[in-house]
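Residue numbers (this note's numbering), protein chains in the order written: chain A, 1 to 300; chain B, 1 to 247.
Incorrect hints may appear among the rest.
Listed next, with one range per pair, are the computed distances between beta-carbon atoms [what the hints assert, rightly or not]: (1) B/Arg10 / A/Tyr192: 41 to 49 Å; (2) B/Phe28 / A/Pro12: 40 to 48 Å; (3) B/Ala202 / A/Gly144: 56 to 64 Å; (4) B/Arg190 / A/Leu203: 47 to 55 Å; (5) A/Arg48 / B/His26: 38 to 46 Å; (6) B/Gly247 / A/Arg291: 39 to 47 Å; (7) B/Lys196 / A/Asp6: 47 to 55 Å; (8) B/Arg114 / A/Val18: 33 to 41 Å.
List of simulated lysine-lysine pairs, BS3-like, C-alpha gap at most 25 Å [unchecked claim]: (9) B/Lys196 / A/Lys119; (10) A/Lys119 / B/Lys229; (11) B/Lys196 / B/Lys129; (12) B/Lys51 / A/Lys119; (13) A/Lys21 / A/Lys119; (14) A/Lys119 / B/Lys31.
Hints are computed from structural coordinates only; laboratory data are not their basis.
C-beta atoms are modelled at their ideal positions from N, C-alpha and C, and glycine is treated no differently.
Here is how the chains run, residue by residue.
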Amino acid sequence: MSQIRDPFALVPRSSFDVPGKAGGLLDVFRWHYLLRLLVRTGVTTRYRNSVLGWTWSYVRPAAQFLVFWVVLGLFLNLERGIPNYAVYLFSGIVVINLFSEAFKNATTSIVGNAPLVRKVYLPRQLFAVSAVIVAFVHFLPQVGLLLVVCLFLGWITSISILSVLAILAGATLVMLFALGLGLLFGAMNVRYRDAENIVELLLLLATWASPVLYSWVMVQDAITELGWPSWLLELYLLNPITQAVELFHFAFWYPVTQTTIPIPPALALNTLWTFLLTVAILLIGQAVFRRLEGRFAQDL
Amino acid sequence: MSSQIAAEMRPSIVVEDVHKTFTLNHAFSLKDTIVSWIRRRKLTSQFEALKGLDIVINEGESVAILGLNGSGKSTLLKLVSGVMQPDGGSVLTRGRVAGLIEVGAGFHPELSGRENVFLNAAILGMSRKEIEARYDEIVAFSEIEPFIDQEVKHYSSGMFMRLAFSVAIHVELDILLVDEILSVGDAPFREKCRTKFEELIAARKTLVVVSHDMDMVRELCARAIVLNKGDVIYDGNVEGAIAIVEG
Chain A
1 MSQIRDPFAL
11 VPRSSFDVPG
21 KAGGLLDVFR
31 WHYLLRLLVR
41 TGVTTRYRNS
51 VLGWTWSYVR
61 PAAQFLVFWV
71 VLGLFLNLER
81 GIPNYAVYLF
91 SGIVVINLFS
101 EAFKNATTSI
111 VGNAPLVRKV
121 YLPRQLFAVS
131 AVIVAFVHFL
141 PQVGLLLVVC
151 LFLGWITSIS
161 ILSVLAILAG
171 ATLVMLFALG
181 LGLLFGAMNV
191 RYRDAENIVE
201 LLLLLATWAS
211 PVLYSWVMVQ
221 DAITELGWPS
231 WLLELYLLNP
241 ITQAVELFHF
251 AFWYPVTQTT
261 IPIPPALALN
271 TLWTFLLTVA
281 ILLIGQAVFR
291 RLEGRFAQDL
Chain B
1 MSSQIAAEMR
11 PSIVVEDVHK
21 TFTLNHAFSL
31 KDTIVSWIRR
41 RKLTSQFEAL
51 KGLDIVINEG
61 ESVAILGLNG
71 SGKSTLLKLV
81 SGVMQPDGGS
91 VLTRGRVAGL
101 IEVGAGFHPE
111 LSGRENVFLN
121 AAILGMSRKE
131 IEARYDEIVA
141 FSEIEPFIDQ
151 EVKHYSSGMF
161 MRLAFSVAIH
171 VELDILLVDE
181 ILSVGDAPFR
191 EKCRTKFEEL
201 IAARKTLVVV
211 SHDMDMVREL
221 CARAIVLNKG
231 DVIYDGNVEG
241 AIAIVEG
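Starting from the given sequences, assemble the full structure and let the hints guide the process.
Here is the structure:
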């Protein structure tokens, strides 16, 4: 009956919206209030109904730290090569933990919110972003613990603006990297749940692919000894996680340690390169996510 | 006179030659894929849910979408709400779209009723100021005030649905999509919902209702569209549509 020949006769086509058109990561700013609520929900419900609650955020890294320190430091004698091994180890572990948690949670965030994704339209990137922020909140008490130890060792006398910048840069780098990869794998996880397992595998490797348990000098020595080309070392150092770990070492470990291990070459310049690399990965992750996003509701 | 007609003819939803095809997988793993491939069986099949739909719904209209199960009603609503994207053609909307589609999807059982009101309203696109302004109204409508600070997991299913529905109905909107949830709660609450819908219609909001409850459709809608296997087979007054569906 009221079907008009031209529906745009009275209202121009430009005043219509296309439903479900996502604005990518810009949506995160437009929906900042929802993001805040999602983060708060993620943080407050994490330890509901557990007696120890937030203590678990300390217990897990502490146990992990203890195992590595006893086995690698004491049994395998890494301690002799790396003075103040406990601080060295812990400042690396907190970075790896931040990355693991952010990456893993971002990857499962879309599938984990399946009922919502299937029924209500909202920018789905919010889930990945909030997962990364929640991981950051859980990272804070670990850094607090690290700070207490370092203060105890006289860190405060040698603190500089550079080390504070290094901490911020390291954490930002890890979170952006985790978000980029999380968007990529999270989007693929909707259709192929293999993505989750691939992520588990990658995380297993991440701990060993960065100088957390050993020092970067050992990698350099190994490359020289084997006669491999030296650009391999540069490649190794360009891993954003390696860079973040080294930034944390620079901030927490170097000031409190008398050591012959030099700071990795071009630490500052590499920060810039790894940032560019991370942004590139974020853009790729974002592009893949937006491409697959239209099919989330029907594939879940 | 002519300006009045013009006002009535301002479309708020335009569905233009919309196609939606679902791919049904028959092989779920690599092994299945290889086995089917060796036996030369088809790995996937296509299901056309919508076959070139053309619908224009004008501002202030309340339209029922009727049809048997599997006729594409819910798919159409999902396309209008933006949850899914059409494979061909285009869906255009004007103004804020809100869906009463399976309310309560955004509820978190571990949070209190109060926290859930804020979370769910934000999920439905409301800003903090809007939620704070309407909070009291939302809680009053749901009639569960004494329990609002309890965790939602302790709610009875009726309380849960009432709160969820109350949040959804108070969202600032121009177009409301209603999918088969009019059976919420007991008779007095249903009556309240109906009154609320009538208020929205009186405020010249656009309503799209998918329902099998013909009495509700008769009361609320002035126009009905019947879908059958992804095509529009009838578009006109409600009684004619009901005759087709029930006939």
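Hints, verified against the model:
For B/Arg10 and A/Tyr192, the hinted distance range of 41 to 49 Å is satisfied, since their beta carbons lie about 45 Å from each other. The hint said 40 to 48 Å for the Cβ distance between B/Phe28 and A/Pro12, and at roughly 47 Å that hint holds. For the pair B/Ala202 and A/Gly144, the beta carbons lie near 57 Å from each other, so the given range of 56 to 64 Å is met. For B/Arg190 paired with A/Leu203, a C-beta distance near 51 Å keeps the hint of 47 to 55 Å intact.
In this structure, A/Arg48 and B/His26 meet the distance hint of 38 to 46 Å, their C-beta atoms being roughly 41 Å apart. A beta carbon spacing of about 45 Å between B/Gly247 and A/Arg291 agrees with the range 39 to 47 Å that was offered as a hint. A hinted range of 47 to 55 Å for the beta carbons of B/Lys196 and A/Asp6 is inconsistent with their spacing of about 34 Å. Here the CB-CB span from B/Arg114 to A/Val18 is close to 35 Å, well matched to the stated 33 to 41 Å.
At most 25 Å may separate the alpha-carbon atoms for a hinted pair to count; B/Lys196 and A/Lys119 meet this at roughly 23 Å. For the proposed pair A/Lys119 and B/Lys229, the alpha carbon gap of about 22 Å is at most 25 Å, so the pair holds. Proximity of B/Lys196 to B/Lys129 is assessed by CA-CA distance (about 22 Å); at most 25 Å being required, the pair is judged to hold. Pair hint B/Lys51 plus A/Lys119 holds up; C-alpha atoms about 22 Å apart against a cutoff of 25 Å.
Restraint check: the Cα-Cα separation between A/Lys21 and A/Lys119 comes to about 16 Å, which is no more than 25 Å; the hinted pair holds. Of the pairs offered as hints, the one joining A/Lys119 and B/Lys31 is violated, with about 32 Å between alpha carbons and a cut-off of 25 Å exceeded.
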